[in-house]
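Can you build the whole structure from these sequences, using the hints too?
Here the protein sequences come in this chain order: U and V. Residue numbering for the first sequence follows our numbering, beginning at 5 and increasing consecutively. Residue numbering for the second sequence follows our numbering, beginning at 2 and increasing consecutively.
Careful: at least some of the hints might be erroneous.
Listed next, with one range per pair, are the computed distances between beta-carbon atoms [as the list claims (entries may be wrong)]: (1) V:2 - U:398: 55 to 61 Å; (2) V:11 - U:179: 56 to 62 Å; (3) V:194 - U:36: 27 to 33 Å; (4) V:164 - U:31: 20 to 26 Å; (5) U:396 - V:110: 29 to 35 Å; (6) U:30 - V:325: 56 to 62 Å; (7) V:110 - U:279: 45 to 51 Å; (8) V:14 - U:398: 41 to 47 Å; (9) U:179 - V:181: 34 to 40 Å.
From chain V, some residues computed to sit far from chain U (all C-beta separations above 12 Å) [claimed, not checked]: (10) 78; (11) 110; (12) 119; (13) 198.
One side of the interface only, derived from the structure: several residues of chain U facing chain V at Cβ under 8 Å [as the list claims (entries may be wrong)]: (14) 34; (15) 46; (16) 50; (17) 57; (18) 132; (19) 191; (20) 192; (21) 207; (22) 237; (23) 239; (24) 242; (25) 243; (26) 426; (27) 430; (28) 434.
These aren't lab readings, by the way, just hints derived from the structure by calculation. No residue lacks a Cβ here, since even glycine has one placed at the ideal position from N, Cα and C.
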Amino acid sequence: MWSRSKGVLSAIVVALLVVGIMAFGQVYERTETIYVSGAAWGPASTWNPFQPGSLANTTGTLGFVYETLFNYDPLTNEMIPWLAESGEWITDISYELTLRAGLAWSDGTPLTAEDVAYTMNLGVEYDAMWFAPMFDYVTSVISIGDRIVRFDFTDAPLYQEFDNNLYNIPIVPKHLWEGRTEEEITIGANENPIGSGAYLYDSHESDRNIWIRNENWWAIDALDLYPAPKRIVDIRFSSNNVALGSVIKGEVDLSNNFLPGVAGLSDQGIITTYFEGAPYMLSANTAVLFLNTTIAPMDDAAFRRALAYAINVDDIVNVAYAQLVAAASPTGLLPSLSDYVDDDLVADIGWSYDPAMAAQILADNGYVDVDGDGYVEAPDGSAISLEVTCPSGWTDWMAAIAVISDSCKAAGINVENVTPDYGAWNTQMQTGTFNMTLNNWAAMSNTPWTLYNLLFRHPIQTQMQSGNFGRYDNEALFDLVDALAAIKTTDIAAMQDACSAIQEVLLSEVPMIPLWYNGMWAQYSEAVWTNWPVDGDNTPSRLPTTWSGYWQLGGLMMLCELELVD
Amino acid sequence: MRRYFSRKLLIYLVTFFLAVTVDWLIPRLMPGDPIQNMLSRAALNANAAEKLYTYYTHAFRLDLPVWRQYLNFWNALLHGDLGISTYLFPTPVSEIIGDAVPYDLFLLLPSILLSWWAGNKFGAYAARTKRLDNTLLPIGYLLTATPYMWLGILLAWVFGIVLGWFPIAGAYSYTMSPHLSWTFVGSVLHHWFLPFASLFLVGFGGWAIGMRNMIIYELEADYSHYLEALGAPRRLIRKYAFRNAILPQLSGLALQLGVVVAGALVTEVVFSYPGIGYLILAAIQNQDYFLVQGCFLFIIIGVLAANFLIDVAYVIVDPRTRRGMVGE
Numbered sequence: 005m006w007s008r009s010k011g012v013l014s015a016i017v018v019a020l021l022v023v024g025i026m027a028f029g030q031v032y033e034r035t036e037t038i039y040v041s042g043a044a045w046g047p048a049s050t051w052n053p054f055q056p057g058s059l060a061n062t063t064g065t066l067g068f069v070y071e072t073l074f075n076y077d078p079l080t081n082e083m084i085p086w087l088a089e090s091g092e093w094i095t096d097i098s099y100e101l102t103l104r105a106g107l108a109w110s111d112g113t114p115l116t117a118e119d120v121a122y123t124m125n126l127g128v129e130y131d132a133m134w135f136a137p138m139f140d141y142v143t144s145v146i147s148i149g150d151r152i153v154r155f156d157f158t159d160a161p162l163y164q165e166f167d168n169n170l171y172n173i174p175i176v177p178k179h180l181w182e183g184r185t186e187e188e189i190t191i192g193a194n195e196n197p198i199g200s201g202a203y204l205y206d207s208h209e210s211d212r213n214i215w216i217r218n219e220n221w222w223a224i225d226a227l228d229l230y231p232a233p234k235r236i237v238d239i240r241f242s243s244n245n246v247a248l249g250s251v252i253k254g255e256v257d258l259s260n261n262f263l264p265g266v267a268g269l270s271d272q273g274i275i276t277t278y279f280e281g282a283p284y285m286l287s288a289n290t291a292v293l294f295l296n297t298t299i300a301p302m303d304d305a306a307f308r309r310a311l312a313y314a315i316n317v318d319d320i321v322n323v324a325y326a327q328l329v330a331a332a333s334p335t336g337l338l339p340s341l342s343d344y345v346d347d348d349l350v351a352d353i354g355w356s357y358d359p360a361m362a363a364q365i366l367a368d369n370g371y372v373d374v375d376g377d378g379y380v381e382a383p384d385g386s387a388i389s390l391e392v393t394c395p396s397g398w399t400d401w402m403a404a405i406a407v408i409s410d411s412c413k414a415a416g417i418n419v420e421n422v423t424p425d426y427g428a429w430n431t432q433m434q435t436g437t438f439n440m441t442l443n444n445w446a447a448m449s450n451t452p453w454t455l456y457n458l459l460f461r462h463p464i465q466t467q468m469q470s471g472n473f474g475r476y477d478n479e480a481l482f483d484l485v486d487a488l489a490a491i492k493t494t495d496i497a498a499m500q501d502a503c504s505a506i507q508e509v510l511l512s513e514v515p516m517i518p519l520w521y522n523g524m525w526a527q528y529s530e531a532v533w534t535n536w537p538v539d540g541d542n543t544p545s546r547l548p549t550t551w552s553g554y555w556q557l558g559g560l561m562m563l564c565e566l567e568l569v570d
Numbered sequence: 002m003r004r005y006f007s008r009k010l011l012i013y014l015v016t017f018f019l020a021v022t023v024d025w026l027i028p029r030l031m032p033g034d035p036i037q038n039m040l041s042r043a044a045l046n047a048n049a050a051e052k053l054y055t056y057y058t059h060a061f062r063l064d065l066p067v068w069r070q071y072l073n074f075w076n077a078l079l080h081g082d083l084g085i086s087t088y089l090f091p092t093p094v095s096e097i098i099g100d101a102v103p104y105d106l107f108l109l110l111p112s113i114l115l116s117w118w119a120g121n122k123f124g125a126y127a128a129r130t131k132r133l134d135n136t137l138l139p140i141g142y143l144l145t146a147t148p149y150m151w152l153g154i155l156l157a158w159v160f161g162i163v164l165g166w167f168p169i170a171g172a173y174s175y176t177m178s179p180h181l182s183w184t185f186v187g188s189v190l191h192h193w194f195l196p197f198a199s200l201f202l203v204g205f206g207g208w209a210i211g212m213r214n215m216i217i218y219e220l221e222a223d224y225s226h227y228l229e230a231l232g233a234p235r236r237l238i239r240k241y242a243f244r245n246a247i248l249p250q251l252s253g254l255a256l257q258l259g260v261v262v263a264g265a266l267v268t269e270v271v272f273s274y275p276g277i278g279y280l281i282l283a284a285i286q287n288q289d290y291f292l293v294q295g296c297f298l299f300i301i302i303g304v305l306a307a308n309f310l311i312d313v314a315y316v317i318v319d320p321r322t323r324r325g326m327v328g329e
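Laid out in structure tokens, this is it:
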């Protein structure tokens, strides 16, 4: 017995000695590293740039590793040439793109027009590519020499979607991808990704992803850009209070988590936010209340209009969100797209919170309280009892639907707030078995078409997977949306006209109710890094975000403009 | 003895079969559709969405009749294939579990075993020491009755933020890459301590109270009084009481060890510590059939294995079980 424990003891001593000798491991220099959080919600699982919905957990895949032809700045509404030096329509149905000179993949191979054509044509080859439907109107994509790519179109190009794709389709290296099978290309995990961008994949653990600066990045010379942090540690916190604690301690530099109560901390100067006062955050997307128009009484435009007047958006902004969001325009368009809002129409037939008006509309259209229970009945005398839903655990939305329920009840409409599990909520939405629900799936975009494509997605199918969940069926309106899609993004006046026509239907028929703008949640610590994006002249105006799909919308520029605190 | 164990083994096999069947069935009874949840985040246009839906439904063999899916499931399981997660597509379920569970074992095994050992010792000691019984035991009650979430947040706040002695998140410092060095090992232990302590404290209180009550009960039993009447030394009586009192505690320990692979959800959330608990919750919320099945499979195996070990342990620590087997 004694000899055995002696053996164990000496084994431990040897092990400790080995550990001691190997004590040269890597500890990151604080001044070279930026710590961020708020993008990932689970362990990293894929680096496949063609799986945009699954990339939140490896946020740098799009934008760091793989780059797009253009970038887009939502704050100035500008398309910024990126891998492309320029792009122009040589005819109405032919688009020619010139790549920059001196582009290279991080393995040293030059990035040429052939890579771009190869990437685009994956959409022809594989139905599972998300941009495959683009080839309904694109007839061919070919490379001409090393730097020219030509797109040819049918006679009805969807210009709006095409422009959107120009800054969303990631370009992959042909020499590393062409030998892959369909499965590897469409759904493979693509571990150790090789791209052309500012950062390289370094490593990942279940609660963090680490990216390291690409010192041979083409834009260092070509665009004079150099990201300040050498290393990015993207942390996944499993609760928001931990994220909050870490920013306050200065251990996390940028948190893109939604943290209730940040308004107070910003006022005290403990953390920094984009705006100094309400709403503190930039607006990122529109929270829309979808109404199931296949169910009575929501098939009645008058009833829907009464709802729009009945909902107390101010309470959602001030109570549910403690001033971190702003009320939405009834047109649903983000402030960055305000050029396309028809102000006269909004003044004329738009709505805002007005319970008296709601009561008036209900009474005028035969919605009266017959049985004296405090809630109105439908004109045919049947009781109205509706549910408004959002996924369980989404605390800000849960508070918001509580406000919706309360204000509807105050207006005499019986609406209960219910919170199913995410999966059940999602299925209800897509199969159309909900009454009213919140949704915000239109990302920040260069075109109002993105939002209206979510709101009025057509044709109506048994499963509506990404829009028009309330199955609002209006052929004339669908034609208007299609018309908008086919206008060139440079023809602002035509786009404005098309948007006015859509807004006229939206505001008079109220198929759904845009309520508020969800924020681009961002709070920064100035303990180590400074020169963060803030509102004002002569300050960096970029999207302060690490969310997946937003690096090419300004997130990367933010990194290039950061400075170390002295 | 052989008959005893072969009968037990048969019962375990039947239980395993039924439990795994239920494990396969339950996720499929949940409202919702895993493929829809997987695709919905991609914001695809209508054509692409429909194409991809068919594509993935086929890839996951969810377009087959239910009985075929069930047979395929057993077939794959017997070949050691747990499938691919839809929530963390395209990671294999076994890889997800393999990555996450070590953190849980590292946290839960020491806290369960140490709190069991210390709690029982302390409880037994407290039962015969009036002063201790009156002072420290109420603290034990307080600890077990405290909502764990609240205790965890309190510990994180006091020791992590106010005093700043311990980090508040992660399994090791975010400023390090894993490597073999004193700094790294120190960082791992430093990050481990608070979550461990929170689990230990709660477990400790529970075991101590249980043991204390059991000892008092055993000391009041007829055999104790009989021994006392015979003039046996108190030490001997206590020894017998302890041997009897430890039996239910052993069963309790087995149950806790059995579900170790389920992780510690609340600890993981409060201290942002990696582990499987958080993933099980996310898997359920996202209707990830395969990940849910895989996790619960290990829980089933864990519970059965722990019970089996306890059966064996009982034979060793409880002579009555041995006698019963001989009597057959």
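To see whether the hints hold, each was checked on the structure:
| no. | hint | in the structure |
| --- | --- | --- |
| 1 | V:2 - U:398: 55 to 61 Å | 56 Å, holds |
| 2 | V:11 - U:179: 56 to 62 Å | 60 Å, holds |
| 3 | V:194 - U:36: 27 to 33 Å | 28 Å, holds |
| 4 | V:164 - U:31: 20 to 26 Å | 24 Å, holds |
| 5 | U:396 - V:110: 29 to 35 Å | 32 Å, holds |
| 6 | U:30 - V:325: 56 to 62 Å | 60 Å, holds |
| 7 | V:110 - U:279: 45 to 51 Å | 49 Å, holds |
| 8 | V:14 - U:398: 41 to 47 Å | 43 Å, holds |
| 9 | U:179 - V:181: 34 to 40 Å | 37 Å, holds |
| 10 | 78 | 22 Å, holds |
| 11 | 110 | 19 Å, holds |
| 12 | 119 | 23 Å, holds |
| 13 | 198 | 17 Å, holds |
| 14 | 34 | 7 Å, holds |
| 15 | 46 | 6 Å, holds |
| 16 | 50 | 6 Å, holds |
| 17 | 57 | 3 Å, holds |
| 18 | 132 | 5 Å, holds |
| 19 | 191 | 6 Å, holds |
| 20 | 192 | 7 Å, holds |
| 21 | 207 | 6 Å, holds |
| 22 | 237 | 5 Å, holds |
| 23 | 239 | 6 Å, holds |
| 24 | 242 | 5 Å, holds |
| 25 | 243 | 5 Å, holds |
| 26 | 426 | 5 Å, holds |
| 27 | 430 | 5 Å, holds |
| 28 | 434 | 5 Å, holds |
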